[in-house]
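Engineer: Starting from the known structure of chain G, fit chain D with the ligands onto it as the hints suggest.
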Amino acid sequence: MCSAMKHGSGAELNADDWKIGSVIQAQNLDLTFQTNDGPVHALKDVSLEIGKGEFVSFIGPSGCGKTTFLRCIAGLETPTGGEISVNGMTPDEARKARAYGYVFQAAGLYPWRTIGGNVRLPLEIMGFSKAEQNERVARVLELVDLAGFDKKFPWQLSGGMQQRASIARALAFDADILLMDEPFGALDEIVRDHLNEQLLALWAQTEKTIGFVTHSIPEAVYLSTKIVVMSPRPGRITDVIDSPLPKERPLDIRDSKAFIDIAHRVRDGLRAGHQDD
Amino acid sequence: MKSAGPVLVVITAILALWYLAAVPMNVKEVLTQAERAGAIVDPPSAVERRDTARLPLVMRNPELLGASWSMERARLPAPHQVAQELWASTWDEEVNGRRGIVRSGSLSNRSLVYHGGVTLGATFLGFLIGAGLGVLLAIGIVYSRVMDMSVMPWAIISQTIPIVALAPMIIVVLYSVGLPSLFAKAVISAYLSFFPVVVGMVKGLRSPDAMQLDLMRTYNASGSQSFWKLRLPASVPYLFASLKIGIAASLVGAIVGELPVQRGGLGARMLGGSYYGQTEQIWAALFVAAAMAALLVWFIGWVERRTLTAMGVPQ
Ligand SMILES: Nc1ncnc2c1ncn2[C@@H]1O[C@H](COP(=O)(O)OP(=O)(O)OP(=O)(O)O)[C@@H](O)[C@H]1O
Ligand SMILES: [Mg+2]
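The listed protein sequences correspond, in order, to chains G and D.
According to my numbering, the first sequence is numbered sequentially starting from 1.
According to my numbering, the second sequence is numbered sequentially starting from 278.
There's no promise every hint is true.
[Claimed, not checked] Dumping the calculated DSS-like pairs for lysine-lysine here, alpha-carbon to alpha-carbon at most 25 Å:
| no. | chain 1 | residue 1 | chain 2 | residue 2 |
| --- | --- | --- | --- | --- |
| 1 | G | Lys130 | G | Lys151 |
| 2 | D | Lys480 | G | Lys130 |
| 3 | G | Lys96 | G | Lys151 |
| 4 | D | Lys506 | G | Lys152 |
| 5 | D | Lys480 | D | Lys521 |
| 6 | G | Lys96 | D | Lys521 |
| 7 | D | Lys506 | D | Lys480 |
| 8 | G | Lys151 | D | Lys506 |
For the record, the hints were derived by calculation from the structure and aren't laboratory data.
Here the structure is a predicted model, which means the values were calculated and not measured.
For reference, chain G alone in the conformation it holds in the complex (with noise of 0.2 Å):
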């Protein structure tokens, strides 16, 4: 967890803190969600940096706060106590200067437009011409390989390729940061392959900031600089790892033991987390 914490450990943050690399910067993050059985914690003392152009995966068992801390960098949630910046700005004043892309679990597509009409969806709120917005619906298509579905509806996609509309919306703004929450939970192994090699390669290509949220070992070692292992009750970050593995990474590099001994340090870390209950 310390290598995560080279800048500002317990000082104030400040603007210029994120322009030496860090976009995202989390101290001492608390959310405690007041329910009618009692609080729930669902973070607790969080602190992370991530810094420009990672690929961050967060994993731990259910219920740890990956998707609180995911919406409280989004925006979507207002952490109870601690900090956090985003691109140097609160995340509510980086969510108004559209500064992600949100994958939610779900592809969560409107069942009502089509593909492409899914993908302009974010395009037309933020006000693109018109000629740009058919510029960046027919590039993101091509990106994860969808050209020629933009006029199918949802229905007539299959889950995966649902998911990389949904994952092309997300894109079709330039954001700097992606944030996605178990994007290829529910797809089966191939196509949960596939759509990684996919995403490393978009990754490489766009050099976006990522925060990913799985509960896939192998998923997390293979895709992300970064590594936040997570436990429960109340939420907290239990070990942070930076990969040693390239940049460049075939699907085989799973078989290296570089990544196997990064793949067995997450398990210990999971296993941990449980111990503690």
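Structural biologist: Chain D with the ligands in isolation, oriented as in the chain G frame:
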């Protein structure tokens, strides 16, 4: 047309029942007529017959019942009599009637077509007002907590008032302040049709799930953008379901609004028929009203199918 068979069976059964029912329904008048024509009726005294139930009368005079299906001013006219009346008061009246196209050069204002048109006009106007008002109220209710707390209870209370019973009073009042009859009737129609539209539309506007709404937030969409691009399209299926109920209610409203004042329309025809014992006229008007209701609902359904197809709903 796989469904034609069962439908025919049902229609045949209904017609058979109807013919059967016409016998006891009309038996007293039939026997009186037979007696006048010189037949011996059992029991012979009219007073005694009045106090005897219909079925025993039928049993005791089986040979005198031939006129059951051809009585004038029958209690229950037979289907073919109603059909004849339908023909006479539509095509025959329009073409050959004293006020028909041949003799007067214009369409008759005594035909069921004319009266149906009058009712239809009020139905449409009332429906437009009611549906428009319903949609606006629903938007208010969804977007304003104050309206949600204040309007919704009143909308519900408004529907507990037996409007059908109050309609004659309301109509008479509206007429007396000089409102044209079309608008007076449309008020009743609108009153009956706005409620289903409010309920359906509120449900529809609230149907987007948290994720769909969050997506809009991540785009920093304005309130009107979320409305036009999310809530409104999401509400369309709900809207159509309630429009179908609404337009049928509108028709009922228009007919009820025509009952108290004889200024044309199917409602006026029905009441006029019952004043003068012209039961065929009531039944003919009833059938036209039923056919109109079916047509209106079918029409909304047709628009619904076209719209939903355009919105990508699999057929
Ligand atoms: N809106 C909310 N109101 C109340 N409690 C909530 C809310 N959202 C999340 N929680 C609680 O916060 C905790 C963390 O939830 P979160 O959704 O972040 O978990 P997660 O790590 O994403 O789990 P999963 O892997 O199952 O998606 C859970 O205990 C959950 O019940
Ligand atoms: Mg989650």
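Engineer: Are D/Lys506 and D/Lys480 close enough, with their CA atoms no more than 25 Å apart?
Structural biologist: Cα-Cα ~17 Å, so holds.
Engineer: Is the hinted pair G/Lys130 and G/Lys151 satisfied, with a Cα-Cα distance of at most 25 Å?
Structural biologist: Given pair G/Lys130, G/Lys151 holds - Cα atoms ~17 Å apart, limit 25 Å.
Engineer: Taken at face value, is the distance from the CA of D/Lys506 to the CA of G/Lys151 at most 25 Å?
Structural biologist: Measuring from Cα to Cα gives roughly 18 Å; hence the hint holds.
Engineer: Need the status of pair G/Lys96, D/Lys521: alpha-carbon distance at most 25 Å?
Structural biologist: 41 Å, violated
Engineer: Are the Cα atoms of D/Lys480 and D/Lys521 separated by 25 Å or less?
Structural biologist: 16 Å, holds
Engineer: Tell me if the straight-line CA distance from G/Lys96 to G/Lys151 falls inside 25 Å.
Structural biologist: Not OK: G/Lys96 and G/Lys151 at ~30 Å, beyond 25 Å, violated.
Engineer: Regarding the pair D/Lys506 and G/Lys152, is the alpha-carbon distance no greater than 25 Å?
Structural biologist: Satisfied, since the Cα-Cα distance of roughly 18 Å is no more than 25 Å.
Engineer: Are the Cα positions of D/Lys480 and G/Lys130 separated by 25 Å at most?
Structural biologist: Between D/Lys480 and G/Lys130 the Cα gap is close to 33 Å, so the pair fails against 25 Å, i.e. violated.
In the structure shown, a violation is registered for the earlier hints numbered 2, 3, 6, in ascending order.
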